[in-house]
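Protein chains in written order, with numbering that gives the first Met the number 0: chain A, 0 to 477; chain B, 0 to 477.
Honestly, the hints are just simulated from the structure, not real lab data. One or more hints might be untrue.
No distinction is drawn between identical chains; accordingly, a pair holds when it is met within one copy or between any pair of copies.
What the hints assert, rightly or not - Taking lysine to aspartate or glutamate and the EDC-like style, the derived pairs with C-alpha atoms no more than 20 Å apart in a straight line are:
| no. | residue 1 | residue 2 |
| --- | --- | --- |
| 1 | Lys396 | Glu70 |
| 2 | Lys51 | Glu446 |
| 3 | Lys48 | Glu446 |
| 4 | Lys48 | Glu448 |
| 5 | Lys471 | Glu448 |
| 6 | Lys396 | Glu67 |
| 7 | Lys457 | Glu369 |
| 8 | Lys432 | Glu446 |
| 9 | Lys166 | Glu139 |
| 10 | Lys175 | Asp80 |
| 11 | Lys457 | Glu113 |
| 12 | Lys457 | Glu89 |
| 13 | Lys432 | Glu89 |
| 14 | Lys449 | Glu89 |
| 15 | Lys48 | Glu243 |
| 16 | Lys432 | Asp222 |
| 17 | Lys449 | Asp468 |
Note that the structure is predicted; figures quoted are calculated from it, not measured.
Number of protein chains: 2
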Amino acid sequence: MNILSEIACSTTFYSRPKPGLRARQLQRFCVSLKLQKNEMSQPVEGFSKLSKESKIRFIAERYTAHPEQTENLLRQYWNTDARLQQLHDEFIENTLSNFYLPLGVAPNFLINGELYAIPMAIEESSVVAAAGKSAKYWLERGGFNTRVLGTEKIGQVHFYFPGNREKLGRFIEAVKPILLQDAQPITRNMVRRGGGILGVELRDKTQAMEGYYQLHGRFETRDAMGANFINSCLEQFSATLLREAAVHPALAGEPPLEILMSILSNYVPDCRVRAEVSCPASALEAEGGLSGPQVAQRLVQAVQVADCEPYRAVTHNKGIMNGIDAVVIATGNDFRAVEAGVHAYAARSGTYRSLTGASVEDGVFRFWLEVPLALGTVGGLTTLHPLVRLALEILGKPSAPELMQIVAAAGLAQNFAALRSLVTVGIQRGHMKMHLLNILNQLGANEGEKLAMVAFFKTHTVSHNAVVDHLKTLRSGT
Amino acid sequence: MNILSEIACSTTFYSRPKPGLRARQLQRFCVSLKLQKNEMSQPVEGFSKLSKESKIRFIAERYTAHPEQTENLLRQYWNTDARLQQLHDEFIENTLSNFYLPLGVAPNFLINGELYAIPMAIEESSVVAAAGKSAKYWLERGGFNTRVLGTEKIGQVHFYFPGNREKLGRFIEAVKPILLQDAQPITRNMVRRGGGILGVELRDKTQAMEGYYQLHGRFETRDAMGANFINSCLEQFSATLLREAAVHPALAGEPPLEILMSILSNYVPDCRVRAEVSCPASALEAEGGLSGPQVAQRLVQAVQVADCEPYRAVTHNKGIMNGIDAVVIATGNDFRAVEAGVHAYAARSGTYRSLTGASVEDGVFRFWLEVPLALGTVGGLTTLHPLVRLALEILGKPSAPELMQIVAAAGLAQNFAALRSLVTVGIQRGHMKMHLLNILNQLGANEGEKLAMVAFFKTHTVSHNAVVDHLKTLRSGT
């Protein structure tokens, strides 16, 4: 533990300067307190090594107006079970408390003939409600049909080689068995589970950048997301490449090969899943003055618009990700990896497009989603986070490919709900209705007021102003 | 409340069938219990109207092996303050409990001369540690320079008009003042705060799709993210358009205008922020046997690779989003909206590319990030979620443009940390070191064992197998 920062924490000094204070002022302030300039330029040296209590005290005193309240608030969010809290603290560095995302559940998902209740961790008020509504809608119309289109993952060693291209090609071919052999200590367990390295190949990228090549690896990681496995394989590939390049006769007299980096890719177009719903267009619900077939036609148009207009496609796909991420988080997967891979896939044609498709042919409405999803149901947080374990149990302890299909169904359901609102009654009515309780909480409404307000807004349009106004009316008793 | 589902909940029936049971089996099972088929095909009719207790009981009994344990686990994650818990429950529908994301803090961010500690909500073990390390690194080299490049947001009314294009153009020009006037009840408060509608224009998209046009609106929403504001304006635009089109002389004799949908865009290339760090290349730390200038050169190469190779760009940008999303979530913003907008921006050239740039010129290393970010520091969850309020206080109660800059700095820091590892010692060493405690928790290591293991792996390479092996050794006392 760093002595300086402990001293800093134990004085009230840090409770005064607030962000907004410029570095120079801060220095002057420091000097006026006869602290050395050096202490100020490194005000939290060794922060990560402080105890959790000291970290909280430091942040509370240095950055908040009421340090004691801040400390109490952070503690109020701790779990009462100290061991459980410690487990969560140790997930990352510098943990102060637990950030709550609501964990909800959307029931009634009929996927390939099986009924699921899908756990979702998400803060947006309308997402779980929309998922549940879509699930119910399609439960009555045959449910979701899903299938996995591939489970192949990718990793690359990026390197420079300023020498002869053909010789490099011969070298890589010659060295392939050694690459695989050297990786065996890493791949052994994965091979036992039916996975492993599917193949490695040289990719010539010299047209994009002088001397730039890749060793492009393809991997099967079964129920693991596989990032650690793939990165470990790739770092071993790098070591083998360097060692062999220095001595291999194919490269005799050639300049040295220089490795830049080795890393998996979150772009996984061949680890992909498809989800689809379909029914006669006439079986779609008539809404907003439109018949079922008219609703079907407008849904198709909405997808066409998203397919040709990136400004719309981004929000269209964002809605899909509302559903996907909520399940990805609840099941302990990394939503940044999924997001990056999915959106790059949406842009693969050169234009950013819709991830869903829709058609009406021979009177049948079809609506489908295809997305790349690299997910894990073992490893990482999946066995560590008790609520993740529970979410996976609620889903029937799925394999990774099964989870891909559940997640895709959630994404498709979300898009269906959004488009259905958009092309019939508009998005705001439903959204604001879901947001009503949030507004009421913000205004400090009590339980009786909430009941009365919810009843009132069943037949009135919700807007922030309308809620403020009607609560005033209610409170004044007029 | 639905009677059927209450009955269902109060029997043990639902504790038996597990997911994996096909719909037909489920039906048979149902019939054998003399329940009507109808009850089974709608097994959770009215679920959202059940009490939280009943929802939990239903899910626990229907989907988990030990319902009582499930119920206890979900309760263990409830806050002890019932009112606070209710607040969180009401954020969304069907809330069962609170999903914990670790809330950590990365101190030492010097941004435009001010010192920040940045709250981050994230589950990935290495993100906060990497952010803190980069912050410290650049604190000693002049810190982050950031600036906002624009704050303009976008929304569109998508409509069809099969008639004369020029007449439509004249109609829209004529109707513009009415559009703005009709929206005044919605825009009044926003205008008072310095925001509002910046402009509306007709966009002809008929080359992409027959008869397809947009009313493209530009908005300034100040410290609000603005989704509700923009959507409300757009829905009013739709109503005005329809009303005026029916009677306006410019469209006399023309076919009717048909509105498909009205919705904001999460693609906000003109709501953009830039963050940069720079220092003499020789001032970069020598690492992994490389001098400062060599590290600089390799960092530039790493960015060049991400710029020309989508497989790399996706993971490169994913790392940036690790930093961005963690702050976005902690400050109560919608990370799906941010993700979609950022990745589409990365693909704007027709190829998915790096969001960061890097150069060495005249011996000076520069590293920068430009991203679109539509964020809010008022509205939504910002005032509702107590930890979001706290996160915003810790950041000095920033305006939305200030928050854009903080978030961009966090993203740039994250990318710097990732590239720095990748081009020097490789990513796995640091990542696995951070993941060590997770592995130890998974293996049920006690405190003494954890201390011993952490000490051991200071000088040894962490892998899952290595940890398992050394813990065995430790426990056997050999």
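Checked hints:
1. With identical chains, the CA atoms of Lys396 and Glu70 are at most 20 Å apart between copies only, with a shortest distance of 18 Å across copies and 39 Å within one.
2. In this assembly of identical chains, Lys51 and Glu446 lie within 20 Å of each other by CA distance solely across copies; the values are 16 Å between and 37 Å within a copy.
3. Taking the closest pair of Cα atoms, Lys48 and Glu446 come within 20 Å of each other only across two copies (16 Å); inside a single copy the shortest separation is 45 Å, beyond that limit.
4. Within a single copy, Lys48 and Glu448 get their C-alpha atoms only as close as 48 Å, which misses the 20 Å cut-off; across copies the closest is 19 Å, which meets it.
5. In the homo-oligomer, the alpha carbons of Lys471 and Glu448 lie at most 20 Å apart inside one protomer (11 Å), although the nearest pairing across protomers, at 61 Å, exceeds that limit.
6. Taking the shortest alpha-carbon separations for Lys396 and Glu67, only the inter-copy value of 18 Å comes in at or below 20 Å, while the best intra-copy value is 43 Å.
7. In this homomeric assembly, Lys457 and Glu369 never come within 20 Å of each other (Cα to Cα): the closest approach is 36 Å inside a single copy and 44 Å across copies.
8. Proximity of Lys432 and Glu446 under a CA criterion of 20 Å is satisfied intra-copy only: 17 Å inside one chain copy versus 49 Å between copies.
9. Proximity of Lys166 and Glu139 under a CA criterion of 20 Å is satisfied in neither setting, with 62 Å inside one chain copy and 45 Å between copies.
10. Neither within a single protomer nor between protomers do Lys175 and Asp80 lie at most 20 Å apart by alpha-carbon distance, with minima of 52 Å and 61 Å respectively.
11. Taking the closest pair of Cα atoms, Lys457 and Glu113 never come within 20 Å of each other, the shortest separation being 34 Å inside a single copy and 48 Å across copies.
12. Proximity of Lys457 to Glu89 under the C-alpha cut-off of 20 Å is restricted to the inter-copy arrangement: shortest distance 17 Å between copies versus 45 Å within a copy.
13. Taking the shortest Cα distances, Lys432 and Glu89 sit within 20 Å of each other only across copies (12 Å), while inside one copy they are farther apart (39 Å).
14. With identical chains, the CA atoms of Lys449 and Glu89 are at most 20 Å apart between copies only, with a shortest distance of 11 Å across copies and 39 Å within one.
15. Taking the shortest alpha-carbon separations for Lys48 and Glu243, neither the intra-copy value of 42 Å nor the inter-copy value of 66 Å comes in at or below 20 Å.
16. Taking identical chains as interchangeable, the C-alpha atoms of Lys432 and Asp222 are never at most 20 Å apart, the minima being 39 Å within one chain and 23 Å between chains.
17. For the homomeric pair Lys449 and Asp468, the shortest alpha-carbon distance inside one copy (14 Å) is at most 20 Å, but the shortest distance between copies (58 Å) is not.
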